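One line per chain: the protein sequences are A and B, in this order. 1 is the number of the first residue of the first sequence in my numbering; add one for each residue after it. 1 is the number of the first residue of the second sequence in my numbering; add one for each residue after it.
Don't read these hints as lab results, they were simulated from the structure. Keep in mind it's a predicted model, so treat the numbers as computed, not measured. Be aware that a few hints might be false.
[As the list claims (entries may be wrong)] Sample of chain B residues facing chain A (criterion: CB under 7 Å; computed from the structure): (1) Lys41; (2) Phe42; (3) Met46; (4) Ile55; (5) Thr59; (6) Pro61; (7) Phe90; (8) Pro101; (9) Gly107.
[As the list claims (entries may be wrong)] Restricting the straight-line Cα-Cα distance to at most 30 Å, the calculated cross-link-like pairs of lysine-lysine (DSSO-like) are: (10) Lys56(A) to Lys67(B); (11) Lys71(A) to Lys67(B); (12) Lys9(B) to Lys40(B); (13) Lys67(B) to Lys54(A); (14) Lys68(A) to Lys52(B); (15) Lys40(B) to Lys68(A); (16) Lys37(A) to Lys40(B); (17) Lys9(B) to Lys54(A); (18) Lys56(A) to Lys5(A); (19) Lys67(B) to Lys52(B); (20) Lys44(B) to Lys37(A); (21) Lys71(B) to Lys71(A); (22) Lys22(B) to Lys71(B); (23) Lys9(B) to Lys5(A); (24) Lys71(A) to Lys41(B); (25) Lys56(A) to Lys41(B); (26) Lys71(A) to Lys56(A); (27) Lys56(A) to Lys22(B); (28) Lys52(B) to Lys37(A); (29) Lys36(B) to Lys5(A); (30) Lys40(B) to Lys71(A); (31) Lys37(A) to Lys67(B); (32) Lys5(A) to Lys41(B); (33) Lys71(A) to Lys44(B).
We put the beta carbon where it would ideally sit given N, CA and C, even for glycine.
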Amino acid sequence: DQQVKQNSPSLRVQEGRISILNCDYTNSMFDYFLWYKKYPAEGPTFLISISSIKDKNEDGRFTVFLNKSAKHLSLHIVPSQPGDSAVYFCAASGLRGSARQLTFGSGTQLTVLP
Amino acid sequence: DTAVSQTPKYLVTQMGNDKSIKCEQNLGHDTMYWYKQDSKKFLKIMFSYNNKELIINETVPNRFSPKSPDKAHLNLHINSLELGDSAVYFCASSQAFLNQPQHFGDGTRLSIL
């Protein structure tokens, strides 16, 4: 059972436009959410995060929105640039016993067209 | 300076062999992890160590044995390799018990012939 879902395997956006990546989760015990960016043959790189006590966090061109009632988060990239082309993973963090554990979605391949 | 480094980057070997993957972090983190990325691209936690102590052990075959000689190192030893072990294995580290992101290595692509 997938507790974190990214239903769009791919997204193509024109340079300069907004990219919106979506993520849904099922476990209400998750209290911290992250987005990672991954290039081929590299490890995931942390991009931005949000605590469950907030509904928005912004960092430059990247904004993450959290809708707790809908168990939904999204990542907005404005304006999109060709260098943003990568796989984006959504992750949710919760306590498992005494340890924090990340649960990842399956990723969305973003392609920004010049 | 690479924060989380794992070696080797590629590993091609025969079924039945034993192999190890090494991981080191220089971030001063107290917790390290091993993840497996399967053919469907899901990143799944395998193990987590905090200050050399095993704290997460998902349903992983006993053929996989993590070893943490100190809190900066977490190695993964795999016995009797099987075809289904082919995957990319990622090491990561973080400060435990805090809402802080995990930092990942670049992965080890394991291919079983």
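Hint check:
1. Checking lysine 41(B) against chain A by beta carbon gives a least distance of about 5 Å; that is within 7 Å, so the hint holds.
2. A hinted interface residue such as phenylalanine 42(B) counts as satisfied when its beta carbon comes closer than 7 Å to some beta carbon of chain A; here the least separation is about 5 Å, so the hint holds.
3. Given hint, methionine 46(B) at the interface with chain A, is violated; its Cβ is 11 Å from that chain's nearest Cβ, farther than 7 Å.
4. Because the closest C-beta pair between isoleucine 55(B) and chain A is about 4 Å apart, less than 7 Å, the hint holds.
5. Annotation: threonine 59(B) was flagged as interfacial toward chain A, and the flag is violated, the nearest CB pair being 13 Å apart, outside 7 Å.
6. Taken as an interface hint, proline 61(B) does not check out: its beta carbon lies about 20 Å from the nearest beta carbon of chain A, beyond 7 Å.
7. Hint on phenylalanine 90(B) holds. Least Cβ distance to chain A is approximately 6 Å, under the 7 Å limit.
8. Among the interface hints, the one on proline 101(B) holds; its C-beta lies about 4 Å from the nearest C-beta in chain A, closer than the 7 Å criterion.
9. Among the interface hints, the one on glycine 107(B) holds; its C-beta lies about 6 Å from the nearest C-beta in chain A, closer than the 7 Å criterion.
10. For the suggested pair lysine 56(A) and lysine 67(B), the alpha carbons sit about 39 Å apart, so the restraint of at most 30 Å is broken.
11. The hinted pair formed by lysine 71(A) and lysine 67(B) fails the criterion: a straight-line CA distance of about 37 Å is larger than 30 Å.
12. Of the supplied pair hints, the one linking lysine 9(B) and lysine 40(B) holds, its CA atoms being roughly 20 Å apart against a limit of 30 Å.
13. Our distance criterion of 30 Å between C-alpha atoms is broken by lysine 67(B) and lysine 54(A), whose separation comes to about 38 Å.
14. At most 30 Å may separate the alpha-carbon atoms for a hinted pair to count; lysine 68(A) and lysine 52(B) exceed this at roughly 35 Å.
15. Distance check on the hinted pair: lysine 40(B) and lysine 68(A) sit about 27 Å apart at the alpha-carbon level, within 30 Å; holds.
16. For the given pair, lysine 37(A) sits about 17 Å from lysine 40(B) by alpha-carbon distance, which is consistent with the 30 Å threshold.
17. Proximity of lysine 9(B) to lysine 54(A) is assessed by CA-CA distance (about 38 Å); at most 30 Å being required, the pair is judged violated.
18. The hinted pair formed by lysine 56(A) and lysine 5(A) meets the criterion: a straight-line CA distance of about 20 Å does not exceed 30 Å.
19. Restraint check: the Cα-Cα separation between lysine 67(B) and lysine 52(B) comes to about 8 Å, which is no more than 30 Å; the hinted pair holds.
20. A threshold of 30 Å between alpha carbons decides the hint, and for lysine 44(B) with lysine 37(A) the separation of about 16 Å falls inside it, so the pair holds.
21. With a C-alpha separation of about 35 Å, the suggested pairing of lysine 71(B) with lysine 71(A) is violated against the 30 Å cut-off.
22. Restraint check: the Cα-Cα separation between lysine 22(B) and lysine 71(B) comes to about 13 Å, which is no more than 30 Å; the hinted pair holds.
23. For the proposed pair lysine 9(B) and lysine 5(A), the alpha carbon gap of about 29 Å is at most 30 Å, so the pair holds.
24. The straight-line distance between the Cα atoms of lysine 71(A) and lysine 41(B) is roughly 23 Å, inside the 30 Å bound, and the hint therefore holds.
25. Using a Cα cut-off of 30 Å, the hinted pair lysine 56(A) and lysine 41(B) holds, with the two alpha carbons roughly 28 Å apart.
26. Proximity of lysine 71(A) to lysine 56(A) is assessed by CA-CA distance (about 14 Å); at most 30 Å being required, the pair is judged to hold.
27. With a CA separation close to 38 Å, the supplied pair lysine 56(A) and lysine 22(B) exceeds the 30 Å bound.
28. For the hint pairing lysine 52(B) with lysine 37(A), the CA-to-CA distance comes to about 29 Å; that is within 30 Å, so the pair holds.
29. In summary, the hint linking lysine 36(B) to lysine 5(A) is supported, as the alpha carbons are separated by about 18 Å, within the 30 Å threshold.
30. About 23 Å separates the Cα atoms of lysine 40(B) and lysine 71(A), which keeps this hinted pair within 30 Å; it holds.
31. A distance of roughly 28 Å separates the Cα atoms of lysine 37(A) and lysine 67(B); the hinted pair therefore holds under the 30 Å criterion.
32. Among the hinted pairs, lysine 5(A) with lysine 41(B) is consistent with the structure: their alpha-carbon atoms are about 12 Å apart, no more than 30 Å.
33. Taking the CA atoms of lysine 71(A) and lysine 44(B), the gap is about 21 Å. The hint holds against a cut of 30 Å.
When held up to the earlier numbered hints, the structure conflicts with 3, 5, 6, 10, 11, 13, 14, 17, 21, 27 and fits the remainder.
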